[in-house]
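Asker: Residue-level listing of the chains:
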Amino acid sequence: NAGVTQTPKFQVLKTGQSMTLQCAQDMNHNSMYWYRQDPGMGLRLIYYSASEGTTDKGEVPNGYNVSRLNKREFSLRLESAAPSQTSVYFCASSEDGAPYGYTFGSGTRLTVV
Amino acid sequence: AQSVAQPEDQVNVAEGNPLTVKCTYSVSGNPYLFWYVQYPNRGLQFLLKYITGDNLVKGSYGFEAEFNKSQTSFHLKKPSALVSDSALYFCAVSPDSNYQLIWGAGTKLIIKP
Chain S
990 NAGVTQTPKF QVLKTGQSMT LQCAQDMNHN SMYWYRQDPG MGLRLIYYSA
1040 SEGTTDKGEV PNGYNVSRLN KREFSLRLES AAPSQTSVYF CASSEDGAPY
1090 GYTFGSGTRL TVV
Chain R
140 AQSVAQPEDQ VNVAEGNPLT VKCTYSVSGN PYLFWYVQYP NRGLQFLLKY
190 ITGDNLVKGS YGFEAEFNKS QTSFHLKKPS ALVSDSALYF CAVSPDSNYQ
240 LIWGAGTKLI IKP
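Those protein sequence lines, which keep their order, are chains S and R.
When you read off a place in the first sequence, starting at 1, and then add 989, the result is the number in the working numbering.
When you read off a place in the second sequence, starting at 1, and then add 139, the result is the number in the working numbering.
Okay, chain S solo, but in the shape it has when bound (with noise of 0.2 Å):
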């Protein structure tokens, strides 16, 4: 009954700093999604892959790469972390697109100092 896990829940990196979020499934889900939350700002698409192999750019992809490595982990790196990027991160899955809703991470809170 994992869903999906995320790791780490929490970290803090200095500025310019790099680190990789994971994200792992066990459902068998084909579409992973990176989202970042930020107050008064819902949920903000950073990146999505549609199925093994594909990664496309989401609403506010700008500092940030992602790498789908098989069907059941999709990673989120920060190549040079900016205090901007403060903020929860959540990881999801769906099994194919909007209409079977999407399981979530419990989530990373990264803090950029």
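It is possible that part of the hints are untrue.
Mimicking BS3-like on lysine-lysine, the simulated pairs with C-alpha atoms at most 30 Å apart in a straight line are [claimed, not checked]:
no., chain 1, residue 1, chain 2, residue 2
1, S, Lys1046, R, Lys188
2, R, Lys188, R, Lys247
3, R, Lys247, S, Lys998
Ranges of calculated distance between the beta carbons of each label pair, as one might list FRET restraints [what the hints assert, rightly or not]:
no., chain 1, residue 1, chain 2, residue 2, range
4, S, Gly1042, R, Ser219, 45 to 51 Å
5, S, Thr994, R, Lys247, 46 to 52 Å
6, R, Ser165, S, Asp1085, 22 to 28 Å
7, R, Gly155, S, Met1030, 31 to 37 Å
8, R, Asp148, S, Gly1042, 39 to 45 Å
9, R, Thr191, S, Arg1033, 27 to 33 Å
So the derived list for chain R, only partly shown, Cβ under 7 Å to chain S, looks like this [as the list claims (entries may be wrong)]:
no., residue
10, Pro179
11, Gly182
12, Lys188
13, Gln239
14, Trp242
15, Gly243
16, Gly245
17, Ile249
Hints listed in this document are in silico derivations from the structure and should not be mistaken for laboratory results.
Ideal Cβ positions, reconstructed from N, Cα and C, are used throughout, including at glycine.
Keeping the supplied structure of chain S fixed, place chain R upon it in accordance with the hints.
Answerer: Frame of chain S, contents of chain R only:
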């Protein structure tokens, strides 16, 4: 531009009273509509969805939502609020099955004993 509006940042309701959390949308076509709930320091959880059929859909924890095509609304309702319903509620819409979810900014629901 396609969008989702949750006009109230916060809704306060006394325990035992009915509650409504509002959502209106502006998307083309026949939309897929969703409500998610987020408890503190947790990921989002699926509550209910409307794809087609009866305009009143029932979901988890006694919640229901009414789809009104003419008013382009999908308000979340519950007949009798519980303190445990206090959380952040998100409305999300997709214009078709191949599109990403478009998210509202969220409404904080506070149920007072």
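Asker: Which of the numbered hints above does this structure break?
Answerer: 5, 10 and 17
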